[in-house]
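Below, each chain spelled out in residue letters.
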Amino acid sequence: MVAKITPEIAAQDGYKFGFNDNDNATYTYRTEKGLSEAVVREISAAKKEDEWMRNFRLRSYQHFLQKPMPTGFWGGSIQNYDLDFNDIYYYARASDRPEQDWADVPEYIKDTFDKLGIPEAEKKSLIAGVGAQYDSEVVYHSIREDLEKLGVIFTDMDSAVRDYPDMVKQYFGTIIPPADNKFAALNSAVWSGGSFVYVPAGVKVDIPLQAYFRINKENMGQFERTLIIAEEGSYVHYVEGCTAPTYSTDALHSAVVEIIVKKNARVRYTTIQNWSTNVYNLVTKRAAAYEGAVMEWVDGNLGSKLTMKYPSVYLMEPHAHGEILSLAMASSGQHQDAGAKIVHAAPDTTSTIISKSVAKGSGRTSYRGALKVYPGAVRSKATVRCDALLLDPESRSDTYPLMDIEEEQVNIGHEASVSKVGEDQLFYLQSRGLSEVDATKMIVNGFVEPIVKELPMEYAVELNRLIELQMEGAVG
Amino acid sequence: MADETLLKITGLTVAVDGKQILNGVDLTVNRGEIHAIMGPNGSGKSTLANALMGHPRYTVTGGQVLFKGEDIAGLSPDKRAQRGIFLALQYPTSIPGVTMVNFLRQAMKAVRGEDVPVREFREKLLATMKLLKVDEQFARRYVNEGFSGGEKKRAEVLQMGILDPDLAIMDETDSGLDIDALRTVAEGVNALTTPKLGIVLITHYQRLLNYIAPQFVHILYQGRIIESGGPELALQLEDQGYDPIIAKYAPVLAGATGEKA
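Top line first, the protein sequences correspond to chains A and B. Mapped onto this note's numbering, the consecutive letters of the first sequence carry residue numbers 1 to 476. Mapped onto this note's numbering, the consecutive letters of the second sequence carry residue numbers 1001 to 1261.
Because the hints were derived from the structure by calculation, they are not lab data. No residue lacks a Cβ here, since even glycine has one placed at the ideal position from N, Cα and C. Just to be clear, a hint being listed does not mean it is correct.
As the list claims (entries may be wrong) - Here are the computed lysine-lysine pairs in the DSSO-like style, where the Cα-Cα straight-line distance is at most 27 Å: (1) A:Lys124 to A:Lys47; (2) A:Lys149 to A:Lys67; (3) A:Lys124 to A:Lys67; (4) B:Lys1019 to A:Lys420; (5) A:Lys149 to A:Lys33; (6) A:Lys33 to A:Lys47; (7) A:Lys263 to A:Lys381; (8) B:Lys1079 to A:Lys420; (9) A:Lys453 to B:Lys1079.
As the list claims (entries may be wrong) - Taking beta-carbon pairs under 7 Å as the criterion, some of the chain A residues facing chain B (in silico): (10) Lys123; (11) Ser125; (12) Glu449; (13) Asn464.
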């Protein structure tokens, strides 16, 4: 039994995104609590979808009913938690369509995103496009005009289904089929919102596209669906951030992200997940990389009650490269079961996994990695490195590296370490005037530096700040 | 300012893991003075250094340490650093992922208790690095990560220069250095010497004292200072080793066992 995190506890923990705006929130439409075929039909009807998408949802719902809770590769022992699928709202709409001007977004929602600093970042041109999702629906979407002229599409997934049906039909659900796992099936049945990104051949999007996901309602489920298609020789960096109010009851976030990286294209997908500690974060993310393509996941998990997330790269053609940088921080009451999965399905493919995790209090981090090399994927090269840092005797970290290598002519390296913040390190820094808390922060910041340095500056600053917030009260 | 008493240790006893290492040390250091503490291995030199800095593994079991007149027994290492005590460690640990420049900046800010203007910090850093003959690239490396023995000692003296303490305790800063590195480090320390600074040099060998000249030399043996004198005492040690002094004090020590603690 996991103790409930109350707003008081969360406030002590320094989570500054725990506010809600329930006093103002009005929903133009929402389904009743719980899940049934009728609810799935209702969502589809509310979105005025074509038959193919409705049928896709209904088929997916059947898969959801039939699939057991994930076991095997998925960790986190979800069955030990009291996640109740019938205690969740699956669809709630506060705004009837995504706006392209913040002035048209309902005031209380705009206030929420203001507090999160989103319009500000847009004004400063730190990002090339923004999507903001509030509970089930995207409320704001914009993209820089010059990129639009070059044929770059960055819109919400619902609009894409309407406006680009052929492209969506061609790729939707092909990288992560609904039957992949119970949560992918759930998402496929009730999905709403998320981003659709299309980058034409040869186009390089110079600064990141940003999506922001906010759960506001108590007991809400957020099931966004993201699809990114990078044509030959193109480049895009997509960044997502996530927060939620702190409630004493649970919320569920279960996204599906599919990415297609074509010949010689490069996609980087960065996540800074900072859900409040009442959110179950059960996400399926997968990319297919073709000849000479590069796919990079930078995955930072700081929030949530339980996260189970293993971004994957399938290296489908020669010389494709996959890279996964995973960072997890677990404070008391949190379990970050994060990791990475790489599949070498072609010769001369290469991959790197770097995982860094920090646990404090009764927090628990697990690294769960899978590396698969198919026969014929000769001269494949893979490196895995995972390091865990424990801040006190109660915290816990485990490593579950799975390797399935069916080709002999390969080069595989694996290194793992678990370390504790040492008395000598603390003494050294304290003897230079730093307090015990500041010394611990410095050690942790140094530990995660190899991942943080991969982030754009503003995000690196933000991540360091979030880590420091989590570290307050870590000692003493 | 000179002659003002910085450090006054009386009857200090210290235990490590329940074992008594220091058995009653008395030592007074005034501003502007350099004191060398010498002694054979295991005599308690590093214990004295670490206890003065407040290392949690070293438990003070008796006696008193006054720094600028204040009893510092209850102060954590960071508070001691903020009051002006600096320890150059014999075996400084590495802090992966933290650059020297970031570390030094934060340490300087912490010791001063207020932000340091970037320009002032930069000028001080560059000047001190030049003094120690380390290139600018050094500041971008991670603290002690992959440092050679000589680089570690230079990094310690660099920290001393940046933090500008009133009392510097140098724990075997000469160990592991070849003759050129020793000269550079010693010249660095000499250049940092001011009338307000008191230095406690802990060393096993006399050779460091060829470069940094102490006014006072003390012999630590079995957790006590058994003899104090001027620079001639170090030369006598160089000549005859520790044995004659130890032999001379053996009866005294035997009689004194258990007197303190």
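message = So if I understand the rule, the pair passes when the alpha-carbon distance is 27 Å or less; does lysine 124 (chain A) with lysine 67 (chain A) pass?
response = 46 Å, violated
query = Regarding the pair lysine 1019 (chain B) and lysine 420 (chain A), is the alpha-carbon distance no greater than 27 Å?
reply = 26 Å, holds
ask   = Does lysine 67 (chain A) lie within 27 Å of lysine 149 (chain A) when you go C-alpha to C-alpha?
value = 44 Å, violated
ask   = Should the interface hint for glutamate 449 (chain A) be scored as holding, given a Cβ-Cβ cut-off of 7 Å against chain B?
value = Holds, about 3 Å.
ask   = Holds or violated: asparagine 464 (chain A) as interface residue toward chain B, Cβ cutoff 7 Å?
value = Interface hint status for asparagine 464 (chain A): violated (11 Å vs cutoff 7 Å).
task = Would you check the hint for lysine 124 (chain A) and lysine 47 (chain A), treating anything up to 27 Å between C-alpha atoms as holding?
result = 34 Å, violated
task = Decide if the proposed pair is consistent with the structure: lysine 453 (chain A) and lysine 1079 (chain B), CA atoms, cutoff 27 Å inclusive.
result = 32 Å, violated
task = Classify the hint on lysine 123 (chain A) as holds or violated, based on whether any CB of chain B lies nearer than 7 Å to its CB.
result = 27 Å, violated
query = Can we keep the serine 125 (chain A) interface hint, with Cβ of chain B closer than 7 Å?
reply = This hint is violated: serine 125 (chain A) lies away from chain B, its Cβ roughly 26 Å from the closest one there, beyond 7 Å.
task = Could you grab the alpha-carbon distance between lysine 1079 (chain B) and lysine 420 (chain A) and see if it respects the 27 Å cut-off?
result = Holds - the C-alpha atoms of lysine 420 (chain A) and lysine 1079 (chain B) are around 24 Å apart, at most 27 Å.
inquiry  = What's the verdict on lysine 263 (chain A) and lysine 381 (chain A), does the C-alpha distance respect the 27 Å limit or exceed it?
reply    = Holds: lysine 263 (chain A) and lysine 381 (chain A) sit about 19 Å apart, inside 27 Å.
ask   = Are the Cα positions of lysine 33 (chain A) and lysine 47 (chain A) separated by 27 Å at most?
value = 18 Å, holds
The structure fails to meet hints 1, 2, 3, 5, 9, 10, 11 and 13 from the earlier list, while all remaining hints are met.
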